[in-house]
Amino acid sequence: MPEASGPAGMAPRLLEFADELRREGVAVGTSELLDAIHALDAVSWTSREDFQESLAATLAKSQEDRHVLDVLFDRFFFRAVEREAVERGLTETRFRGGADLDLDALRDRIREAIRAGSDGEMRDLARLAIAAFGRQGEGSGVIGVDVQRIRRTLGLKAEKSGGEMLDPDGVPRERLQEFEQHVRRELERQMIERTQSLPPAKPLREFDRALPSNPAQDLSQVHRVVAQLKKRLASHGREHRGRRRSWQVDVRRTMRASLQTGGVPLELKYRPKRPRRPELYVLCDVSTSVTSASVFFLSVLHALHDQFRKLRSFVFVERISEVTDVFERERSFEAVSRRIATDAGVADVSGYTDYGRVWLEFLDKVVDDLDPRSTVIVLGDARTNGREPHAQVFGRVAQGAGRTFWINPEPRLYWNYGDSVMAAYEPHCDGVFECWTTKQLEGFVNAIAELRTAA
Amino acid sequence: MTGEFETIQDARSRLANVGYLAGESAALVTYLAGKLGKPVLVEGPAGVGKTELAKAVSRATGRSLIRLQCYEGLDEAKALYEWNYRKQLLRIQTEAAGAGWQDVRDDIFGEEFLLSRPLLTAISTDMPVVLLIDEIDKTDQEFEAMLLEVLSDFQISIPELGVVEARTRPLVLLTSNNSRELTEALKRRCLYLWLDYPSVDRELEIVHLHAPELDEQIARKLVEIVHMVRALDLKKPPSIAESIDWARALLLLGAEDVDQGVLERTMSIIVKHRTDLDLVAERVGVKLGDGLIGQQRQAG
Numbered sequence: 002m003p004e005a006s007g008p009a010g011m012a013p014r015l016l017e018f019a020d021e022l023r024r025e026g027v028a029v030g031t032s033e034l035l036d037a038i039h040a041l042d043a044v045s046w047t048s049r050e051d052f053q054e055s056l057a058a059t060l061a062k063s064q065e066d067r068h069v070l071d072v073l074f075d076r077f078f079f080r081a082v083e084r085e086a087v088e089r090g091l092t093e094t095r096f097r098g099g100a101d102l103d104l105d106a107l108r109d110r111i112r113e114a115i116r117a118g119s120d121g122e123m124r125d126l127a128r129l130a131i132a133a134f135g136r137q138g139e140g141s142g143v144i145g146v147d148v149q150r151i152r153r154t155l156g157l158k159a160e161k162s163g164g165e166m167l168d169p170d171g172v173p174r175e176r177l178q179e180f181e182q183h184v185r186r187e188l189e190r191q192m193i194e195r196t197q198s199l200p201p202a203k204p205l206r207e208f209d210r211a212l213p214s215n216p217a218q219d220l221s222q223v224h225r226v227v228a229q230l231k232k233r234l235a236s237h238g239r240e241h242r243g244r245r246r247s248w249q250v251d252v253r254r255t256m257r258a259s260l261q262t263g264g265v266p267l268e269l270k271y272r273p274k275r276p277r278r279p280e281l282y283v284l285c286d287v288s289t290s291v292t293s294a295s296v297f298f299l300s301v302l303h304a305l306h307d308q309f310r311k312l313r314s315f316v317f318v319e320r321i322s323e324v325t326d327v328f329e330r331e332r333s334f335e336a337v338s339r340r341i342a343t344d345a346g347v348a349d350v351s352g353y354t355d356y357g358r359v360w361l362e363f364l365d366k367v368v369d370d371l372d373p374r375s376t377v378i379v380l381g382d383a384r385t386n387g388r389e390p391h392a393q394v395f396g397r398v399a400q401g402a403g404r405t406f407w408i409n410p411e412p413r414l415y416w417n418y419g420d421s422v423m424a425a426y427e428p429h430c431d432g433v434f435e436c437w438t439t440k441q442l443e444g445f446v447n448a449i450a451e452l453r454t455a456a
Numbered sequence: 234m235t236g237e238f239e240t241i242q243d244a245r246s247r248l249a250n251v252g253y254l255a256g257e258s259a260a261l262v263t264y265l266a267g268k269l270g271k272p273v274l275v276e277g278p279a280g281v282g283k284t285e286l287a288k289a290v291s292r293a294t295g296r297s298l299i300r301l302q303c304y305e306g307l308d309e310a311k312a313l314y315e316w317n318y319r320k321q322l323l324r325i326q327t328e329a330a331g332a333g334w335q336d337v338r339d340d341i342f343g344e345e346f347l348l349s350r351p352l353l354t355a356i357s358t359d360m361p362v363v364l365l366i367d368e369i370d371k372t373d374q375e376f377e378a379m380l381l382e383v384l385s386d387f388q389i390s391i392p393e394l395g396v397v398e399a400r401t402r403p404l405v406l407l408t409s410n411n412s413r414e415l416t417e418a419l420k421r422r423c424l425y426l427w428l429d430y431p432s433v434d435r436e437l438e439i440v441h442l443h444a445p446e447l448d449e450q451i452a453r454k455l456v457e458i459v460h461m462v463r464a465l466d467l468k469k470p471p472s473i474a475e476s477i478d479w480a481r482a483l484l485l486l487g488a489e490d491v492d493q494g495v496l497e498r499t500m501s502i503i504v505k506h507r508t509d510l511d512l513v514a515e516r517v518g519v520k521l522g523d524g525l526i527g528q529q530r531q532a533g
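Residue numbers (the working numbering), protein chains in the order written: chain A, 2 to 456; chain B, 234 to 533.
These are computed hints drawn from the structure, not numbers from a lab. All C-beta atoms in this analysis are idealised placements derived from N, C-alpha and C, irrespective of residue type, glycine included. Do not take every clue at face value.
Simulated restraints, written as ranges between beta carbons of each label pair [to be verified]:
1) Glu417/B / Thr196/A: 13 to 23 Å
2) Leu465/B / Leu16/A: 42 to 52 Å
3) Phe79/A / Asp386/B: 31 to 41 Å
4) Arg463/B / Glu194/A: 43 to 53 Å
5) Leu267/A / Thr508/B: 34 to 44 Å
6) Glu329/A / Arg463/B: 20 to 30 Å
7) Ala378/B / Leu35/A: 15 to 25 Å
8) Glu175/A / Ala378/B: 49 to 59 Å
9) Gly395/B / Gln178/A: 53 to 63 Å
10) Asp492/B / Arg374/A: 34 to 44 Å
Please work from the sequences and hints to get the whole structure.
Below you can see the structure in the form of structure tokens.
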């Protein structure tokens, strides 16, 4: 195929690029590479956007992959150009007039260019800024530090988020980041020229990989995962057992099947049974030991309420309190957390979790309602603060319910150390999971599905 | 003008002619889809014009549109083909007297007794078509697996009849709201297009295209409000179609300006949940009352 792909040398470059993508966890298959090569045949190479979009359309198959590809694309082709330059011994005449530059005028021009968002101008000004900065000493040698030092020298700062008050000195945050990117590029270029070699490519940092996000987005991600959870629970396979007698014959499918036997209905087909709606009990620890996780837990709870109608939710610290109606009345997440913090009345005196007492109270509240169709999910760290864990009471809860799952926000490594009594509760659960990110929540949802196939 | 897209520019201008302002990537990917003969997987939030893209492509290329709406429990009988068993039964009964089993069997599994569903129709027509598989994420993984044969080889195997191959290559678009992760196998066979809500300027163009009589100032304010509403945590953020509806409604009402009163009277066009309505009235309405949105316009 290389002959078909334009100038010689493109295909190997593309392979290198694909390799780099794979190292960052983007699954690029051979068929996708072939697609990319075909696609590049069909578009003009002179437009950088078209080139990049073509690669993105054929190689990146999700929004996250797309983001990684964009970041890598910039880096990869920057490095490719620089390597070529080093190999051919090309150098640029560096701008030497830095000493005569008026810093104030430069500052104003840069601010204007950033506001206007003109790419080429920002790059030129980035060079000027580096040259101007150069006279105050050659820099620290660490590019990241130099970039920030130049930014501070220029007095550039991002606008306050929210945009309620317009700050005359501030510039839009994304544009400022673009400018910093330019400065970084230019510094890297100079460094490569000085040392005549490319620094090794580093894997992307977690921070660079992550899509830009905000709390509302995180919340919506939790909502998405919980929607999956609902599907998994609803299609849980306990509807087939021992109830053949009440099945209904599906006439259409029976007739269809009878065609194979010449119109004699030898095989009866039944209407599929619709699964019953699951009943869900969710218990959520809101004590101080899980403060960082409890926002996440509450957002899970919030999302669950959006999805399930037969859901009762409880929060606990020392005592347990039902908060189902709080979630049903209040729509906004902030209002819910505020209400729970003020009115739930779960902390008694000490503010330390008392799991044993919580089980006793919970059992007392729901003992008549628990049945094999119900699912109990506990969100908590199982740290009893040295109090009686009452594992056998928890066992009775688990017995009454069809399934019991425990989600622990601590890494598995910390379980059963100190006052954590996870081991006492674990035997009673159908599954225990460590979980404090949406990714792990997805893992939990998938694990439930696997438990189902194993059962 | 009909036929395949010649260049990216051609794709964009012809899509614009039929009322769809495609972004950079949308134009490029639809163009590539025709060139490479690959299906396109379009993902993005609800209401960004994923389905509309397929309709626009069908109008722009002059191909007819075949749509398969996916839902939970969709099976082969409704997506691919089904044997017309009533007709088969009738046939068996009329022939019951004389003919032997062999004759009847050869007879009843012919194309005459086949009810073709969207996928088979798309593959077996003589005219090239646009096939839209809408909301693929609503189906189960089994159905996805079944699609693979259609999407990669453009053929359908019918056990009793053999393989039906495509006479012409359909342009396939699959849409997904990302409510479930699709399988790798499916993604590998598709080009990927992520559609997002458009920028203020682009949406303004879109609104202008569909409601050209609306005053420029009002249109801009309207689009800015829609963007503010989208930034809130709503159950259902307003779609592009809804901002067009709103623009048309303002035209009908002869609104001179979008102020707090107008917003509160007409916002049920863009916001469809009770709780969302309260939130929008509280957050956006109050800002409008203070004239803050107008200020932002002058600054930006």
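Going through the hints against the structure:
Separated by about 41 Å at the C-beta atoms, glutamate 417/B and threonine 196/A break the suggested range of 13 to 23 Å. For the hinted restraint 42 to 52 Å between leucine 465/B and leucine 16/A, the CB-CB distance of approximately 45 Å keeps it satisfied. A hinted range of 31 to 41 Å for the beta carbons of phenylalanine 79/A and aspartate 386/B is consistent with their spacing of about 40 Å. At about 46 Å, the beta-carbon gap between arginine 463/B and glutamate 194/A stays in the expected band of 43 to 53 Å.
A hinted range of 34 to 44 Å is violated for the C-beta pair leucine 267/A and threonine 508/B, which are about 55 Å apart. A hinted range of 20 to 30 Å holds for the C-beta pair glutamate 329/A and arginine 463/B, which are about 26 Å apart. In this structure the supplied range 15 to 25 Å holds for alanine 378/B paired with leucine 35/A, their Cβ-Cβ distance being about 22 Å. The supplied range of 49 to 59 Å is broken by glutamate 175/A and alanine 378/B, whose beta-carbon atoms lie about 41 Å from each other.
For the hinted restraint 53 to 63 Å between glycine 395/B and glutamine 178/A, the CB-CB distance of approximately 59 Å keeps it satisfied. Between aspartate 492/B and arginine 374/A the CB atoms are about 53 Å apart, so this pair departs from the stated range of 34 to 44 Å.
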